[in-house]
Amino acid sequence: MNGTKIDYKKELETASKGMIMIHDHNLLIKLLVRMLVRKVQLKHAGMILYEPRRDTYILTVSRGDPGERIPQNFIRFDKDHPLIKIFFQKEFKYLISNRNALVADDINKLLWRESVIEGVNGTRQLLHQVSDQMPMLNSVACVPAFYHHTLLAVLLLGPKKDGGRLDQDELDFFSALASDVAMAIRNAQLFEDLKREADRNRNLFIQTTIALSTAIEAKDSYTHGHTERVTKYALAIARRMLAKGTLEAPPKFLENLYIASLLHDIGKIGISENILMKRDPLSREEFEIMKTHSTRGADILSPLADFEGCVAGIRHHHERYDGSGYPDGIKGEDIPIIAAIIAVADTFDAMTTDRPYRQGHPKDHAFHEIRTFSGVRFNPRVVDALVELYEKGEI
Amino acid sequence: MAKLLIVDDEIDVREFAKNFFRKRGINVFTASSGEEALGLISAQSPDLVLLDIRMEGMSGMEALRSIREQGSPVKIIMISGVEDDDIVQEAQTLGVTGFIHKPLVLEELEKVVMAELSPHS
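Each protein sequence line maps, in turn, to chains A and B. Just so it is clear: in the first sequence, position 243 is 243 by my numbering, and no numbers are missing. Count along the second sequence from 1, then add 1000; that gives the number in my numbering.
Just chain A, same shape as in the assembly (with noise of 0.2 Å):
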């Protein structure tokens, strides 16, 4: 008998901390549930959880024989339900830790010694409740899921298929399993707040990532909505890579192309109006000044920790595949993919869009220059995904 029973008890203590370490409280409770019912040889187990959505406990998992088992979310329990509501009132709190759990035969023995709990107000009446409650669920104890002083889930136990009573050793047991299940869920509600808070921030940040690439259009008016084609392009060309093959992407780095190319001209914001607005063609001086604007973006953005993976495509967009661009006359695939990326989304839109001193050029002139160019100013690997997509009528 005692062989058995440390057999069950290392196999759900092994899955209860494994699971602990997973995130998954679902897949835990699931998981003791079953076992408890298979291994202690109970007719059936359940286990209610609370749910803060609608600030109600509901009976989400149940396992046992069919006839014996408690519908799955079929039932739920208010906070007022005596059987939430006892394992708050002082008056049972000695019960309760005494034994672990709520055990009906203790109750109806205390209902009994009626002399112990006259005089309070209410309590027998709870009482009264609860001893009404557990055989409609068909459930011989109760053990309590607390975090601190929160209630997260109650275990509720049928009886055993030979008749037998849980002793207390059992109940300790089944507690310890409770404490496990309550901290995963504590662990799983505190990783969706993280996670949410993770996220709200990275909305932020998204929010203000495009304020400021609005800032950059409006000084250069006559760019506009080229930030957000080039955004466009950038993306697709590089979706188009990835399922080519052709492109072997760090993580994060879409959100990271997504970034740059909406900053990749935000060191223009240091560039002087006239130089920007400039009808005429620009002076040696002032191309040398225009030219400023990959590093000064890439200055800009070099002290945030949030735009590490953006930079090098915003201080490299203007790099040329046979090394003439600039700022550092780097070439070939010493080019980072992201500013290679950007630099073909980049003069495509520029090409095809009116500018200061030019019409626009019409889409199929654009791409034939492109291709032309392709392995001198860009990267074949760029240019192919874009023709690609010009010639799936994707651009």
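Errors might be hidden in some of the hints.
[Unchecked claim] With a straight-line cut-off of 30 Å between C-alpha atoms, the simulated DSS-like cross-links for lysine-lysine are:
no., chain 1, residue 1, chain 2, residue 2
1, B, Lys1075, A, Lys161
2, A, Lys109, B, Lys1102
3, B, Lys1018, A, Lys85
4, A, Lys244, B, Lys1018
5, A, Lys30, A, Lys10
6, A, Lys109, B, Lys1111
7, A, Lys278, A, Lys252
8, B, Lys1102, A, Lys79
9, B, Lys1003, A, Lys30
10, A, Lys161, A, Lys39
11, A, Lys43, B, Lys1003
12, B, Lys1102, A, Lys30
13, A, Lys85, B, Lys1111
14, B, Lys1102, A, Lys160
15, A, Lys160, A, Lys39
16, A, Lys39, A, Lys9
17, A, Lys331, A, Lys291
18, A, Lys43, A, Lys85
19, B, Lys1111, A, Lys79
20, A, Lys219, A, Lys232
21, A, Lys160, B, Lys1018
22, B, Lys1023, A, Lys43
23, B, Lys1075, A, Lys43
24, A, Lys161, B, Lys1023
25, A, Lys195, A, Lys93
26, A, Lys39, B, Lys1111
27, A, Lys30, A, Lys43
28, A, Lys392, A, Lys232
29, B, Lys1075, A, Lys160
30, A, Lys43, B, Lys1018
31, B, Lys1003, A, Lys39
32, B, Lys1018, A, Lys161
33, A, Lys232, A, Lys278
34, A, Lys85, B, Lys1023
35, A, Lys219, A, Lys30
36, B, Lys1102, A, Lys85
Source of the hints: derived by calculation from the structure; they are not laboratory data.
Once you have looked at the hints, place chain B on chain A.
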């Protein structure tokens, strides 16, 4: 003895509700589908039907329409999840006694059913 028909495609719900109301001295029948329910209503003339809205095959609403088309005035309580107002309204025009929303409070189910089945109702 009062007769109650429980219609639900989930066996656990049927079994649990059957045992629950039998212990309260009710004569309980169960049906796992709308079709089966139609047959039992004409064969057994229950005093009350608990009818689940969401069922595989014939839904609870379809079953409700057929019950009324069949001319049966039997009292019906719909067991629902989160349903559209349209469904609630249609059910009301088809003369249902009430709705109970899942997940339900067991005492409420008990109170409502026992009230409908008491000799004075």
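>> Between the alpha carbons of Lys1023/B and Lys43/A, is the straight-line distance 30 Å or under?
In response: Holds, because 19 Å separates the two Cα atoms, which is no more than 30 Å.
> Given the proposed pairing of Lys1018/B with Lys161/A, does the C-alpha separation stay at or below 30 Å?
Replying inline: holds (21 Å)
> Taking 30 Å as the top limit, are the C-alpha atoms of Lys39/A and Lys9/A close enough?
Replying inline: holds (9 Å)
>> Please verify whether Lys39/A and Lys1111/B have alpha carbons no more than 30 Å apart.
In response: violated (37 Å)
> Is the Cα-Cα distance between Lys1003/B and Lys30/A 30 Å or less?
Replying inline: Cα-Cα ~36 Å, so violated.
> Under the criterion that the straight-line Cα-Cα distance not exceed 30 Å, is the pair Lys85/A, Lys1023/B satisfied?
Replying inline: With Cα atoms ~25 Å apart, Lys85/A and Lys1023/B stay inside 30 Å; holds.
>> For Lys232/A and Lys278/A, compute the direct alpha-carbon distance and say whether it is at most 30 Å.
In response: holds (27 Å)
>> Would the hint linking Lys1102/B and Lys160/A be met if the CA-CA limit is 30 Å?
In response: The given pair, whose Cα atoms are some 29 Å apart, holds under the 30 Å limit.
>> What's the verdict on Lys195/A and Lys93/A, does the C-alpha distance respect the 30 Å limit or exceed it?
In response: violated (36 Å)
>> Does Lys232/A sit within 30 Å of Lys392/A, going by the straight-line distance between their CA atoms?
In response: Judged against 30 Å, a Cα distance of about 16 Å means the pair holds.
> Within 30 Å, alpha carbon to alpha carbon, are Lys1102/B and Lys79/A?
Replying inline: holds (17 Å)
> Between Lys244/A and Lys1018/B, does the CA-CA distance stay at or below 30 Å?
Replying inline: Violated - the C-alpha atoms of Lys1018/B and Lys244/A are around 60 Å apart, more than 30 Å.
The structure is inconsistent with the numbered hints 1, 2, 4, 7, 9, 23, 25, 26, 29, 31, 35, although it conforms to all the rest.
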